[in-house]
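Student: Residue numbers (this note's numbering), protein chains in the order written: chain V, 1 to 482; chain E, 1 to 482; chain Y, 1 to 482.
Rather than coming from a laboratory, the hints here were simulated on the basis of the structure. Don't take each hint at face value.
Pairs count within a copy or across copies, as identical chains cannot be separated in the list.
[As the list claims (entries may be wrong)] Capping the alpha-carbon separation at 25 Å, the derived lysine-lysine pairs in DSS-like fashion look like this:
(1) Lys216 with Lys353
(2) Lys216 with Lys468
(3) Lys216 with Lys243
(4) Lys307 with Lys216
(5) Lys373 with Lys250
(6) Lys373 with Lys353
(7) Lys468 with Lys373
(8) Lys353 with Lys468
(9) Lys468 with Lys250
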Amino acid sequence: MAKLLALSLSLCFLLFSNSFALREQSQQNECQLERLDALEPDNRIESEGGLIETWNPNNRQFRCAGVALSRVTLQRNALRRPYYSNAPQEIYIQQGNGYFGVVFPGCPETFEEPQESEQRERRRYRDSHQKVNRFREGDIIAVPTGNVLWMYNDQDTPVIAISLTDTGSSNNQLDQIPRRFYLAGNQEQEFLRYQREQGGKQEQENDGNNIFSGFKRDFLEDALNVNRHIVDRLQGRNEDEEKGAIVKVKGGLSIITPPERQRGSRQEEDEDEKEERQPSRRRDESQKGESRRHGDNGLEETVCTAKLRVNIGSSPSPDIYNPQAGRINTVTSLDLPVLRWLKLSAEHGSLRKNALIVPHYNRNANSVIYALKGRARLQVVNCNGNTVFDGELEAGRALTVPQNYAVAAKSLSERFTYVAFKTNDRDGIARLAGTSSVINDLPLDVVAATFNLQRNEARQLKSNNPFKLLVPPRESEKRASA
Amino acid sequence: MAKLLALSLSLCFLLFSNSFALREQSQQNECQLERLDALEPDNRIESEGGLIETWNPNNRQFRCAGVALSRVTLQRNALRRPYYSNAPQEIYIQQGNGYFGVVFPGCPETFEEPQESEQRERRRYRDSHQKVNRFREGDIIAVPTGNVLWMYNDQDTPVIAISLTDTGSSNNQLDQIPRRFYLAGNQEQEFLRYQREQGGKQEQENDGNNIFSGFKRDFLEDALNVNRHIVDRLQGRNEDEEKGAIVKVKGGLSIITPPERQRGSRQEEDEDEKEERQPSRRRDESQKGESRRHGDNGLEETVCTAKLRVNIGSSPSPDIYNPQAGRINTVTSLDLPVLRWLKLSAEHGSLRKNALIVPHYNRNANSVIYALKGRARLQVVNCNGNTVFDGELEAGRALTVPQNYAVAAKSLSERFTYVAFKTNDRDGIARLAGTSSVINDLPLDVVAATFNLQRNEARQLKSNNPFKLLVPPRESEKRASA
Amino acid sequence: MAKLLALSLSLCFLLFSNSFALREQSQQNECQLERLDALEPDNRIESEGGLIETWNPNNRQFRCAGVALSRVTLQRNALRRPYYSNAPQEIYIQQGNGYFGVVFPGCPETFEEPQESEQRERRRYRDSHQKVNRFREGDIIAVPTGNVLWMYNDQDTPVIAISLTDTGSSNNQLDQIPRRFYLAGNQEQEFLRYQREQGGKQEQENDGNNIFSGFKRDFLEDALNVNRHIVDRLQGRNEDEEKGAIVKVKGGLSIITPPERQRGSRQEEDEDEKEERQPSRRRDESQKGESRRHGDNGLEETVCTAKLRVNIGSSPSPDIYNPQAGRINTVTSLDLPVLRWLKLSAEHGSLRKNALIVPHYNRNANSVIYALKGRARLQVVNCNGNTVFDGELEAGRALTVPQNYAVAAKSLSERFTYVAFKTNDRDGIARLAGTSSVINDLPLDVVAATFNLQRNEARQLKSNNPFKLLVPPRESEKRASA
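This is chain V alone, in the form it adopts within the complex (with noise of 0.2 Å):
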C-alpha cells in the first residue's frame, strides 16, 4: 500500500515536476491588433544542402502570439546540423520522409552497432548513440527547450518542414528573442538579422558562429583530448559560410536503425511498436518504411523513451469527418505526452471546396495557421466586433490568431489544407456555430432575449445547422463546383 502510493506519487513527479511549460504574457498594448496579415517569410538563407526561410520575429501578431515561424527545405542527403533553442519547437512535416534526432542529455545511448564476427576483431570502436527517429509527411514532431535536433532526409523528394518556436513559454527564461544554438559551421544563426534591426549591436567579426567557436582552442583540446585540426573543424574555422546550416552528405548517411519492413500501406504505424528486429547498419536509400520503436505505456514513458512525433496529416481516423466537407485532427498532449512540457499542440485540416469552418474561438491559446495547399477565405473578428482579417490565405502563408479572437473559413480549391501551431497543450475550441455550439449550449429564453429574437427563431438559430465544426457546402454550391 505504501509502496503503491509511492509509485504514485512518483508518477506524479515524473509528469508534473520536471519541466512545467507555462507562457508569458505579452508585452503592454502588444495584441491591440486593428489589422492581420496573411504573412510570406521574409528573409531565405541558402545553405549547400538546402534553404531556411524565416518570417520576421519582431512582426507584431508573432509578438502578441509570442512565436517565431521558419521553414526548412532538405534536398536528398542534405543534414540539417545539431542545434538547439531558447525555447520549445513544434515541427511540420509538409513533404519529404526522413531521419531525425533529439539529444536528451543524460539518457542512455541505447541504438549500439551489433558486436562484429571474430575475424574483425581488431577494430574496437563500435557506435553507438541515442534513439534515431523517421518521420514522414504529416507528421508533426516536439522538441524541448535546450534539446539537440538534428534532421536528415535520405530520400529523392525534398523535405520541407514548417517549425513554430514558441518563444513565450515559461521554458525560456532568456527574452522573446528566438535563438538557435549551432553545433558546427559558420553559418549565422536564422533568426539574429532580426534582432540586429531590434537595435542590437553589431556582431563582431569571428571564426566560425557556433557554439563551439567562442571557446579558446586549447579549451577544447584538452577538454576533447582531439588535435588541432580536429578543433578547427569543430569550430567552423576556415568553413564558407556559404555551406551553412544545413550540409550534402556525400554518399548518404549511415545510420543504426531497426530494418524496415516493405509495405505499401501507411497503417503500419500503429503496428511498428508490436516487432521487435536486431539493429542494423545499413544505408538509408528511399524506403517508405517506419523504424521507431518507444515505450508507450504511462510507467515506460519517461524523459528519456518520450514519443516525439505523431502524424496527424492523414490519420485514418479523424477527430472530425465529414465526406462532403473534409476531415480535422488534431494533437494535444492527451495524443503525445511530451506536449505537456512544451505546453503547445497542433491541428491540421482538410477542406473541400466551399466547405466551411464555421466561426469559432480558442479559448486558452493563440494559433498560427499555415496553409499547406489550397486557398481559402478566412475572416477573423476582435472584441470590439471590427474584422481584422477578412482575405484569403494561400499555401505557404501564415495567419495568427490570437487567444479569444473569433475566426471563420471557407474552402475555395477543391482541397485546402493546412497546419495550425497553439499555444497550449489542450484543444480549447468553442464554437460560435452548429450543433453543440455556445449558442445551443444557452437556454432557448436566453438566446431569444439576448439576440433579441422570436422564440421560433431562436430555435432556428438553435437546430437549423446539424453539423458541427465542418459545414458542407450548399447543394448549389456543390453543382457550381462540379
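For chain V, the structure is supplied; the task is to place chains E and Y on it using the hints.
Tutor: Same frame as chain V, now just chains E and Y:
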C-alpha cells in the same frame, strides 16, 4: 493495481494538466507605489436593463496587481447578455438573487425539456442546454478564461455584482488589457474606452460591436443556416447602442430548472444535493430558493460538472469568528476546486464598530478590498516602512493591497463589511500581531534582541494580545459606541 | 480503494497545488548580452553586528537572469533581524555556523520550554516558538516568498552567507525589484538605493523604516495591547540608523533547542533524525553540532515540517568525483523538496589546479556562479558563437551564465571552489565534450558530416575523452604544478 495506478494518474491529469493558471509579473517598477487610493468607479455605462461601472484598469495600483474591476447592476427581469473574457473572473454578488450560466464548450447539454405528452406531438423541438445555476447575495462565482457567461435577475431587488478580472493570469495569453467578447448587441465592451486613452487606434465605425458583427453575412448565413433577418439580429445591426449589454426581458425568462423548495432558511444550501427532482419548465418569479445540482466528489468533479459558486457572505460557519469583533470567511481552491485553475481566492469580512483587523500581509497574492457596507480606517505600509495609505474605505470603494505590503483596519461603522479578491488560490496571510502571529513564532530572545526590548517586555509583546486576526474594541470604546 | 485514491489525490495536492513557482521571462532584448563581467558587490552597509553587501540588481546580466545577489557577514553573537522578501531566496553558507528560523504562518509553535518545577510556579509564562535550525558551512538554505527569516551567529568565526533572491520567480507578483520587509529597526532595506537610481521617487522622511513604522501608534497599541514604549521600540523610533539590520546580542541568545551531541565528525548530519532528546534551554556558545529535527518522508513532509537546508559543501558522497580533477555536488528538488516550490537549485564544485570543467550549458535555467576560494579561467559563448566572457573568476566575484549559453572553466588555483545558483529546481546540464556528451549521443556519421570530419576523426571526437564533466590536468601540467 496497474488499473489503480492508471486511474490515479488520470486523476492527477484531471486535476493538474488541464489549464494551470499562474500569474504574470507586473512590468518594471509598476509596483513602486508610494501612495494608494480608495477608488470609486470612474466610468458608467447605462443599459436598457441595468448599469455597468468600471474602474480604470490603467490606474497604477491595478496595473501593479494585474487586475480590472467592474460593478454590474441588473434590474428586475434584466439579462446580462452572454460574453467571454481573455482572463479569469471572480464575481461577488453584493445584492440580489438570480440565475447564471457558464458555457463549457464540448460539455453535454444536461438540462432538457421533458418529453411532451402525446397529444402535442406536432411540436417537434425540445429545448436542451447546459446547466443553469441559481445565485444569491454573498455568492462568489468563478468564471474561467474564454467561457461564456450570462446572468439574469428574476427578482424585484436589483442585483449588484462586483467582478474582478485577473488579466495578470497566465491563462491570459494576450496583453494586460481586459477584453469582453460579447455574443450580441451593438454596445462597446466596457473597458474599450481605456484602451483608447492608452493610445490605441480610433475604432473604425461598424454596425454592431459583437463577435458576430465582424463576419460577413453570407458566412453566417451558411454557418447557421438561417435567414438574413436572424443574421442581422445576431450582428446587432440597426440595434440601438443604448440597449447595451444588459437587456430587459419582457415577461421574464422561462428557463428549465429543477423545481425549488419553499424554505425560509438559508441552510438549505448544504442540503440541496441530497434530493433529486424532475426538471420542469416554468417562469421564475420571486422565489428565494436554490436550484443547483452537481456532483461533489473528486471522481465526478470533471470540467463539465465543476461547481462554480459558493456562498461566503452569510456562512453559518465562518473561518474566523469573535462575537464582539466580527467574522471572516474565505473561499480558496480547497472550498471551490475550480479556483485552482483560476488561481484566485476571496475573503469576506464583517467587523463590529471599533473592532480591529491586526496588521498582516498576504504572502503570495495581491489583494483588492471592496467595501460593501459601512466604512473603516485602513493603513497600508510598504517595504520601506512608509505609510502608502492611511484613510477611510467606505462602501462602494476599492483599495489594492499589493503582495507583502502590511495592512490593518478598524471599523468605524456598526457593521463594516467587505470582500477581498486575491490573486492566488490559497490563503497566505501572515499576521504581525496577536496569538500565532509572526512575532509569536519567534523565540523570546530573538524578539527581545530584534526589537531592543527587555525580556519581560518581549513577553508582553508575545502574549498580551490573546486574539488572532480580529480584536474586539476595548471596553472604553464599547461603552462609547453603545 | 477509494480511500487510497483519495489519499493519493491529496498527496498530489500537497505536492503540486500549494504554490507552484515558475519563472518570468526577461524583458524585451534584456538578454542580448555581448559581454558578461565577473562582478564584485558594489554597495556595502555596515551594521552594529555585521555587514550587508549587495550587487546592483539593475546590472543587465542580473536583469536578464531575473535575480538579485547579496552577501551578509555576521560577527559573533550577531542577529540578522527578521525580514521577508517578495521573492524566494537561496542562501549558501560560505563560512561559519549558527542558528536560523523561517516562520511559517499558521504552523504550530513546536519548540516549547519544559514544564517548570513546582517551586517556581509563580513564573507563569513559558515560551514556545517555531522550529529553530542549525546551519553550518556549506549549507544551502531555502526561504520561500513572504516567509520571515532570521539568522544568528553563536560562534567566534564570522558567518558569511551568499543569498540569491529570484525576483523573476512567479511567486513574486510584484515587479522585478528585490524588496526586504524588515520587522524591526530604522535601517533602509539593502536594495532601496538601486530603486532610487532607477528613478523611483525620493523617500519621504520617516521615523523607522520597518513594516511597523508606517502604522499609527494607536493601531499598534490596540493590535498588540502593549504600552507606547514597546510600540516605539517596534517602530524603530529614535533608534540609531547605524544599528542596522544586524544587531549585536549582549551575552548571546538563549534559544530553545534540542541538546547537541559532542561529535567531531560531520557525518552526524545523516543520523540526527534518529534520536530524540528532550528540549532544553541553554546558552549556545561554540558547539559545532547539529540540532535540527524534522519529518523526512513524503507523508510527513507538510509545509509546516518542510526541511529547509541541506549541506552541499562537504558531502562525503558528491555527485561527480574524480580524485585528480575534483568534485561537484548538486542540490535539486529531489534532494530538498521545498525547492520544487521555489523553482531553484544549486551546485557546489571544487576543482584541483588545471582541472577542467568541459564546455556545457544549462538547458532550462539561468545560473549565477559565485567563486568561494581560489580562481579559475572561465569562458562563456552565446548563440552567435561569440565569446561573451573570457577571463578570471576569483574568490568573492559572481558571474551570470544565461540559459543555453555555453560555459567552460579551468582552475588556476590549487583548490578552486564555487557555488552556482540555478533558476530551476531540476538539473538540466548538457555537456558538449566527453563521455555521454551531446556529441557522443549523435550517430557517428552525423558527427562526421556535421563537423566535416573523416569517420576516424569523428571516432576520436566521440571517444578520446573518457571523462564526463571534470577532466584532470594533463600529465605535463600535473608535473608543472607539483
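Student: Does each hint fit the structure? Answer for all of them.
Tutor: Consistency of the hints with the structure:
Only between protomers do Lys216 and Lys353 lie at most 25 Å apart by alpha-carbon distance; the minimum there is 18 Å, versus 60 Å within a single protomer. Taking CA atoms no more than 25 Å apart as the test, Lys216 paired with Lys468 passes between copies only; the shortest distance there is 20 Å, against 62 Å inside one copy. Only within a single protomer do Lys216 and Lys243 lie at most 25 Å apart by alpha-carbon distance; the minimum there is 23 Å, versus 49 Å between protomers. Taking the shortest alpha-carbon separations for Lys307 and Lys216, neither the intra-copy value of 37 Å nor the inter-copy value of 43 Å comes in at or below 25 Å.
Proximity of Lys373 to Lys250 under the C-alpha cut-off of 25 Å is found in neither arrangement, the shortest distances being 32 Å within a copy and 51 Å between copies. In this assembly of identical chains, the alpha carbons of Lys373 and Lys353 lie at most 25 Å apart only when taken from the same copy (12 Å versus 62 Å across copies). Within a single copy, Lys468 and Lys373 get their C-alpha atoms as close as 23 Å, which meets the 25 Å cut-off; across copies the closest is 48 Å, which misses it. When the C-alpha separation of Lys353 and Lys468 is checked against a cutoff of 25 Å, the pair qualifies only within one copy, where the shortest distance is 17 Å, while the shortest distance between copies is 59 Å.
For a Cα distance limit of 25 Å, the shortest separation of Lys468 from Lys250 qualifies neither inside one copy, at 51 Å, nor across copies, at 32 Å.
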